[in-house]
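Peer 1: Assemble the complex: chain A is given as a structure, and chain B must be docked to it using the hints.
Number of protein chains: 2
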Amino acid sequence: MSNIIVQKYGGTSVANVERIEAVADKVKACRDLGNSIVVVVSAMSGETNRIVKMAKQIDPNPTPRELDVAMATGEQVTIALLTIALEARGVSARSYTGSQLKMLTDSSHNKARILNIDAKKVEEDLESGKVIVVAGFQGVDEQGNITTLGRGGSDTSAVAIAAALKADECQIYTDVDGVYTTDPRVVPTARRMDRITFEEMLEMASLGSKVLQIRAVEFAGKYSVPLRVLSSFEDGDGTLITFEDEEMEDVIISGIAFQRDEAKLTVRGVPDTPGVASKILLAISDRNIEVDMIVQNIANDGTTDFTFTVHRNDYEQALNALQQVGEELTAREVVGDEKIAKLSLVGVGMRSHAGIASKMFEVLAQEGVNIQMISTSEIKISVIIDEKYLELAVRALHDAFELEQDK
Amino acid sequence: MSNIIVQKYGGTSVANVERIEAVADKVKACRDLGNSIVVVVSAMSGETNRIVKMAKQIDPNPTPRELDVAMATGEQVTIALLTIALEARGVSARSYTGSQLKMLTDSSHNKARILNIDAKKVEEDLESGKVIVVAGFQGVDEQGNITTLGRGGSDTSAVAIAAALKADECQIYTDVDGVYTTDPRVVPTARRMDRITFEEMLEMASLGSKVLQIRAVEFAGKYSVPLRVLSSFEDGDGTLITFEDEEMEDVIISGIAFQRDEAKLTVRGVPDTPGVASKILLAISDRNIEVDMIVQNIANDGTTDFTFTVHRNDYEQALNALQQVGEELTAREVVGDEKIAKLSLVGVGMRSHAGIASKMFEVLAQEGVNIQMISTSEIKISVIIDEKYLELAVRALHDAFELEQDK
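If you read the sequences in order, they're chains A and B. No gaps in the numbering here: position 282 of the first sequence is 282 in the working numbering, and each next residue is one more. No gaps in the numbering here: position 325 of the second sequence is 325 in the working numbering, and each next residue is one more.
Note that these hints are calculated values from the structure, not bench results. Keep in mind the model is a prediction, meaning the values are calculated, not measured. All the given hints hold, so there is nothing to weed out.
Just a few of them, taken from the derived set where beta-carbon distance is under 10 Å, the chain B residues facing chain A:
1) I51
2) P62
3) T63
4) V69
5) A70
6) T73
7) T83
8) I84
9) T97
10) G144
The calculated lysine-lysine pairs, modelled on DSS-like cross-linking and capped at a C-alpha distance of 30 Å, are:
11) A/K166 x A/K130
12) A/K111 x B/K130
13) A/K166 x A/K28
14) A/K56 x B/K53
15) A/K26 x B/K53
16) A/K56 x B/K121
17) B/K26 x A/K53
18) A/K339 x A/K279
19) B/K28 x B/K102
20) A/K53 x B/K130
21) B/K56 x A/K130
22) A/K120 x B/K102
23) B/K53 x A/K28
24) A/K102 x B/K111
25) B/K121 x A/K111
26) A/K111 x A/K56
27) A/K121 x B/K111
28) A/K102 x A/K130
29) A/K120 x A/K166
30) A/K111 x B/K120
Partial chain B-side listing against chain A, Cβ under 7 Å, derived:
31) V17
32) M54
33) A55
34) D59
35) Q76
36) V77
37) A80
38) L81
39) E87
40) A88
We put the beta carbon where it would ideally sit given N, CA and C, even for glycine.
Just chain A, with the same shape it has in the complex:
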C-alpha cells in the first residue's frame, strides 16, 4: 500500500498559470515517489475578491446562497487548470467540485460546517492511480445547494478529506516555510520548529501566529490527522503538527506568541457575590464584543477586582458598557488601558516543570518589564505588559529559554 498524502495549496500558490504549473511539478514529484495524492486548492488569489466585489456592487448584502454559488467558481477554475496541467505532464488526474465529492455541510451559507464526506469514488480513483484534485472551501448541503466554509476554509477541507481517507499526512503549502518559535521579524534568531503538538499549535495560532486556520488544527487533532506546514516556493520539511511523543517531552518551551491589538478593562471593588462576573460579561457580550483573557483575584474586604481584555477596536464600546454595569453593581471604579500587549510562553513540556513561570517572571523583572496580568493554562503562561516593552520582552525570553537552539 502506498502512502496517501493530501496536499493543500492556497491562493498565492496558484495565483497564475505559471504557479499552477509549478504546483503540478511538485505534485508529480511526490507521486513519482510512489505516493497516492489528493490535492486541495483555493481560488487563484484575487479571484474570490473580484467576484464578491461584483456581487456587492449589485447589493451590499447579497443573498448568502447566491454569493456561495458565485464564490465557488473560483476554486472550480483552479481544479480544472491544475488537472489539465497534471495530464499535460502525463499524470492521470481528475477534478472534483464540492458537490461531486459530496462534501456534505450544513446549510449555513458563507460559513458552513462539514458534516460528512463520501470518500468512495475518490478511493476508487486513487486505487486506479489517479491524482485527485479537489476544490477547497466549498461543499453541498442535503438539498444540493452549494455552500462555502468561510475564509480559510480550504485548510479545513484538506484536513476533512485527509480524515475521511485516513491519509498518512495532510500537507498545507503556504507562503511561509513552517511554524517558528516566535515572529522572526521581532527575533531574528527565531527558529523553524520541526515538530509541534496540536495543543501548542492551537495556542500559537490563536495568539497571532496565523499560519493555519484554528478550525483546521482542531479538526486535525480530533481526527488524528498529522498536519505539515510547508512553503510552496522553497524546498524544505516544514513543521509537522502531531501528537506529543517521548522525544517532544524534553522540549519545555516550544515558542513565544504575542498579540499587540488588545486592550484591558478593570472593574474595581465589586461585591464578591455569586453572579457578579456573569453580569459584567453579559453587558459585554450583549454588544457582540468578544472577550479574550479574564482574570479575577481573591476577595478583599468583601469586594473583588475583575479584569479582562478585548480587541482594541472594541475598547471604547466596552468601557461605556462597563461604566453602566459598574454603577448598577456599586463598583468603586472602572478603569482601562489601551496600551498593552499580550505575550505567551507555549509548550507541552511546561506541565511537568514548575519552574517555568518563575523563570519567565524573573527574566521580565531583570529587563524592568512590569507584569500587569497573569493567566495560565496547562501548556501556556500569558502575561499582559505595557506594549512598549513587547519586543524587548519577546527577545529576552527567546534568549533565556534558548529557543534558537534545536533541542
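Peer 2: Chain B alone, transformed into the frame defined by chain A:
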C-alpha cells in the same frame, strides 16, 4: 394559471454588472405582468474566452472533461449575480447550475447533447412564485460529470427548458431586434418580420442569418416551443418563430438569405453510372471538407456533369482531391470557381405558387445576372451567381417581391 415564459440572455446582454441589473429590470417587468419566468443566461462576454485561454496556455489540447469544469464557471457566476440583482429588487429568485437542474446530457465533453431535464424542482419553485435563473450551455452526465453543449449552446438550453416546462414562449434576447427579410446592410429597406415559420428560420439560419443556433431552432420545432427573437437593448416585439398558420400562407416569400464565402467545383463528363456521385463525394469527405449545394443534371451521351459547393477556405484542397478522382473516373475535365455567391429565396408560401422560380429568374435576367447553378427545396430556391452581382441581385429581388411591405 399564469403564462410560463423562458427568457434567454446572451453574453453581451450580461457583459457587466450594469447590464445584469438592466436584465433584472426587464425580468421584473415581465414578472409584474403576472408571468412565471425562467431566465437562462450565458457567461459574461469575454469570460469563457479568458478561461479557455488560461487552459490552452497550460496545454494547447486541454483534457475535454476539465475544460468543461472550467468553462461552466462562467455561467455560474452570471446566475448568482442576476439572482442577487433580482432579490435586491424584491423579486424572490433562485439560481440553478446545470447539475442542480439535472440537465442530463450524454458524455461528449465540449459538445454534449441534452437527453432529459428533471423539471420537478423548477416547477415547485415556479409555483411558489420564484423566478428561476438557470446556467445555460451546461449540463451533467449520468456519472455526475459537468458537460457543456458547445458554442451557442445556451439557446438550446433555453429551448430544452421551455419544452420540459411546456412554456408558452421561449424568448431569445440578442443584440438584434428580430429576424429581417434580408441583411439590412445590403438592403436598407429590409423589414423585420413579425412571424416566420421554423422551417423558414432553419433555411435563413443555415444561409448566414446567424441570429439563432440551428440546433435551438430544430429543437424548438420538434417540441413545438414558440420561439421569439428580441433585442436586449431596445423595446419591441421581435420576431416570433412558430408554426405555419392561415395568416402566414398568404405570404409567399419571407426573406432572402445569402452566403458569400463559397466556391464551386465541377467534374465534367464522368460516366453516368451508379456509384460515381458517391466516389466523388467520398474523396471530399475523406478530407473532412463539408459540402453545401450539390447539383447533377441529366446525362448526355452517356456522361454527366457533377457540381457542388464548399466553403471557400476548402477550395484548393477540394480541387486537388477532385483532380485525382477525376482521373480515376476518366472525367473530361475538372473546373472550379472561387468568385461565386449563393442567394436563396425562402418562404413556406412558395409551395403552392409555381410562378416564384420563373419570376426570380426573370428579375435576375433583367439585371444581367447569369445563373450558374440552381437548386430548390420545398420552401427555398437557391442560385449560384458571380459574387460581384450579389448585392445588386439581393436588392432587385427584395424590391420585386415587395419584401419591404408588411403583408
